[in-house]
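Using the hints, position chain B against chain A.
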Amino acid sequence: MEVREGTAPPTETIARKTLLAKVRYFGRAQYKSQLSQIPLLGWLWGALMAMVIEQAVGYPLARALGLPGIPGLFGLRIMLTKPALIPSAAAYVLLVYVLPTLVVARLSAPLANRVAKQLLDRFPLWVSLIVHLGLFYATMHLWGDINAYRMLFLSFIMISIILTLSLNLVNGYMGEFSCSHPGFMALGAYGASILTVLLFVNDDVFGAPLLPPALGPFLFPLALIGGGLLAAVGALVVAIPSFRTRGDYLAIISLAFMFIVKSLIENLEIFGGPRGFMNQPKWANLPTMFVWMAICLWMIYNFTRSTIGKAMCAVRDDEIAAGAMTVNTRRTKMVTFLFAAFWAGVAGGLFAHVIGYINPGTFGVYKLSEVLAMVYLGGLNSIVGSITGAVGLQLLMEVLRPLQLFKWIVIPILLIVLMIRRPTGLIAFTEINIKDLLQPRRP
Amino acid sequence: MTLATFFQHVLNALQLGSFYALIALGYSMVYGVLMLFNFAHGDIFMVGAYIGFFVSSGLVAFASLGIIALPNWLILVLTILLAMFLTSFVGMLVERVGYRPLRGSLRASAAITGLMIGIVLETGNLALLGARRRKFPILIETQSYQLGPVTVTNTKIMIVFLSLLLTLALHQFVRRTKWGMAMRAMAYDFVVVPLMGVPLNTIAALTFGLGSALAAAAGIFFGIAYPILNPYMGILIGWKAFVAAILGGRGSILGAALAGFLLGFIEIFVAAIFPSTLRDVIAYSIILLILTFRPHGFFGEPYSARLRL
Chain A
1 MEVREGTAPP TETIARKTLL AKVRYFGRAQ YKSQLSQIPL LGWLWGALMA
51 MVIEQAVGYP LARALGLPGI PGLFGLRIML TKPALIPSAA AYVLLVYVLP
101 TLVVARLSAP LANRVAKQLL DRFPLWVSLI VHLGLFYATM HLWGDINAYR
151 MLFLSFIMIS IILTLSLNLV NGYMGEFSCS HPGFMALGAY GASILTVLLF
201 VNDDVFGAPL LPPALGPFLF PLALIGGGLL AAVGALVVAI PSFRTRGDYL
251 AIISLAFMFI VKSLIENLEI FGGPRGFMNQ PKWANLPTMF VWMAICLWMI
301 YNFTRSTIGK AMCAVRDDEI AAGAMTVNTR RTKMVTFLFA AFWAGVAGGL
351 FAHVIGYINP GTFGVYKLSE VLAMVYLGGL NSIVGSITGA VGLQLLMEVL
401 RPLQLFKWIV IPILLIVLMI RRPTGLIAFT EINIKDLLQP RRP
Chain B
1 MTLATFFQHV LNALQLGSFY ALIALGYSMV YGVLMLFNFA HGDIFMVGAY
51 IGFFVSSGLV AFASLGIIAL PNWLILVLTI LLAMFLTSFV GMLVERVGYR
101 PLRGSLRASA AITGLMIGIV LETGNLALLG ARRRKFPILI ETQSYQLGPV
151 TVTNTKIMIV FLSLLLTLAL HQFVRRTKWG MAMRAMAYDF VVVPLMGVPL
201 NTIAALTFGL GSALAAAAGI FFGIAYPILN PYMGILIGWK AFVAAILGGR
251 GSILGAALAG FLLGFIEIFV AAIFPSTLRD VIAYSIILLI LTFRPHGFFG
301 EPYSARLRL
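Taken in order, these protein sequences are the chains called A and B. Per our numbering, residue 1 is the first one in the first sequence, and the count goes up by one each step. Per our numbering, residue 1 is the first one in the second sequence, and the count goes up by one each step.
Okay, chain A solo, but in the shape it has when bound:
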């Protein structure tokens, strides 16, 4: 896969390689001297500058190019609604995003390389990581700040990432097939909402707030954790019967659990029943979401590399052998499942506080299809894969929105073709080495 530096491989080997390798090959051959010396830090810095430029001149430029406003998703949505505007949108993307990023990244490359090197040499890895994440967040925030649509889009992407990752723990790393994630999400959403509404909001049903509402945003993480714990307790109901043996029982029991949760919530009149539960304060703003997503990524990444994470992979590959090697298989599976359910619950809590309204119908079979599609599209056993899957499917759903009904024909067909071409998903069983990613690039 890796093309050796300096020597160009013969063309017939390239023809057999994947698209990614081809792109990589041409990228190296043509622009090697220019672009390969920009470290990740430089790219992020360039992107940040591009967003600053968009903030400053985006709207007038878009008007000048004949666009109705700043294109929502890099002009991708305009492609299907107003095809005549494609050249303008492309010009906008080129002028505002691509060119500034490239120019700034290239110009700042020497400085960025030095900074990246210093960060890695002088400080522990996490300092460098936090600097990168901070830059990434700033870029994202400036991009999302343009309009509410982008903000909501980013929020949904981050919720999907948490959800996909946590399901990947069960379906990918552990090799079971769980269908109950919408149920856990519902438990987390309702649990967190009840806490926040009961404690901080003057609600018709729950009465006056028990605590001063000013404290709310600070105690909001506790509410989310409460929701996550509720989901984990719910997961116990699934885990106890289904992890006594291996097999497809989890699929059935978790499916039954999902229906039970949905139906139970529909019957609880105090929480609105089928009409839904509203009045949640919209505290899940972009920084909160980003921090939670980062914590989730960090914890799940560490979980998969921990002893229990390795035990989990051993259980997936051969449960009997793992048991013979003193892995407590049942405990491993239970812990993993509860951990995954916790994060699904947190995702649900965030979801409730983004929209400010939830109803049990949201957490049904369609949500299940969506999450499963994200996991298997992105790739099993891979954090990068899960992120790819979540972002990819959300982006696809937004871009194809103008197709309306036909969206739900095009997307499944795309997914079927993809599953047949790559049955384990786009990026499966691989992980990006973070340290390599943050390294300075030498020319």
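Calculated from the structure, these hints are not laboratory results. Mixed in with the good hints, there may be bad ones.
Which stretches of chain A does chain B cover? Using the computed rule of at least three CB atoms under 8 Å from a CB of chain B, they are [as the list claims (entries may be wrong)]: (1) 36–46; (2) 254–267; (3) 370–380; (4) 414–428.
Cβ-Cβ distance ranges computed for the label pairs, FRET-style [to be verified]: (5) 96/B / 198/A: 50 to 60 Å; (6) 74/B / 417/A: 38 to 48 Å; (7) 320/A / 135/B: 53 to 63 Å; (8) 74/B / 404/A: 34 to 44 Å; (9) 59/A / 274/B: 56 to 66 Å; (10) 429/A / 197/B: 27 to 37 Å; (11) 294/A / 6/B: 56 to 66 Å; (12) 404/A / 135/B: 50 to 60 Å; (13) 145/A / 127/B: 48 to 58 Å; (14) 308/A / 96/B: 33 to 43 Å; (15) 79/A / 96/B: 29 to 39 Å; (16) 298/B / 429/A: 33 to 43 Å.
Residues on chain B that point at chain A, a partial pick, calculated with CB under 7 Å [said to hold, decoys possible]: (17) 106; (18) 113; (19) 119; (20) 191; (21) 284.
Note that the Cβ used here is the ideal one computed from N, Cα and C, for glycine as well.
Okay, now just chain B, sitting in the frame of chain A:
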């Protein structure tokens, strides 16, 4: 609950259970033979109901031309047979498109393609035929008989009777014919058995085709009992039948049918005793309990090391 209402509920439960049973048979066969979840099966049920609708409407229109005298019962029989025949090809198509290319890779991937094919079938139906609900033509006038205090309708009797007949026919097919033997052999080991000259692809297609034919029968019966069709009718009933199929035990035809009827009984009686909104909670809790103590279902083998995702 008086005895009369009890028997009334039993009758209703038998009717509801026969839908579940017929759909569960398709899930159970695919699961038994190929060890795959066919998540598109609920939507094949929907497609079957629509095919039944078009066939019967066409036959009714043809009969009204007056060229050949077609009595209503003959239309019904022809509808059932034709729709089963046509829907079996839908099932084989699903197998060819979504399952055959993925044979040998992760089982979960095939489950995802099944799920996606289901969505395509639903949305395709909605896009092709519009959101208007279709009314299934009434082929048999519903006649009520009073058996003491219990009201029995001829359609209910017919649905339950035909469902049991189809279940038994399938059971006999699997037990007695060469094809059935091949299916059972495949269920036993689908790695070695193809080496013995049993055509894996043909058997897989047959399994899907048979299951889909039964789903089509269930669809027509559903159309007779509740004559409104919509593109999303297959989702909920399909997932419930899936639960029933697993409850019956892997690859057990009679087990799946039994679990389907049991699910019907649980749902009807829960709705009769408790408020009907609690139906799903209690029904699934009972299933959860049963699976806790009998995780491999009624007639399944306890644990197989071959079960891998």
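Hint check results:
1. 36–46: Three-residue rule not met by the stretch 36–46 of chain A, so violated; n is 0.
2. 254–267: Three-residue rule met by the stretch 254–267 of chain A, so holds; n is 10.
3. 370–380: Three-residue rule met by the stretch 370–380 of chain A, so holds; n is 4.
4. 414–428: Our answer is that it holds, as 6 residues pass the Cβ test (under 8 Å) against chain B, meeting three.
5. 96/B / 198/A: 50 to 60 Å: 54 Å, holds
6. 74/B / 417/A: 38 to 48 Å: 44 Å, holds
7. 320/A / 135/B: 53 to 63 Å: 56 Å, holds
8. 74/B / 404/A: 34 to 44 Å: The hint (34 to 44 Å, Cβ to Cβ) holds, given that residue 74/B and residue 404/A are roughly 42 Å apart.
9. 59/A / 274/B: 56 to 66 Å: About 59 Å separates the Cβ atoms of residue 59/A and residue 274/B, which means 56 to 66 Å holds.
10. 429/A / 197/B: 27 to 37 Å: 36 Å, holds
11. 294/A / 6/B: 56 to 66 Å: With a Cβ separation near 59 Å, residue 294/A and residue 6/B satisfy 56 to 66 Å, so the hint holds.
12. 404/A / 135/B: 50 to 60 Å: Roughly 26 Å apart at Cβ, these two residues miss the hinted range, so it is violated.
13. 145/A / 127/B: 48 to 58 Å: For residue 127/B against residue 145/A, whose Cβ atoms are near 37 Å apart, the range 48 to 58 Å is violated.
14. 308/A / 96/B: 33 to 43 Å: At 42 Å between Cβs, range holds.
15. 79/A / 96/B: 29 to 39 Å: Distance hint for residue 79/A, residue 96/B holds at roughly 33 Å.
16. 298/B / 429/A: 33 to 43 Å: 37 Å, holds
17. 106: Result: holds, 6 Å to nearest chain A Cβ.
18. 113: At about 5 Å, which falls below the 7 Å cut-off, the nearest Cβ of chain A leaves the hint on residue 113/B intact, so it holds.
19. 119: The hint holds - residue 119/B has a Cβ within 7 Å of chain A, the shortest such distance being about 5 Å.
20. 191: 17 Å, violated
21. 284: This interface hint holds because 4 Å falls under the 7 Å limit.
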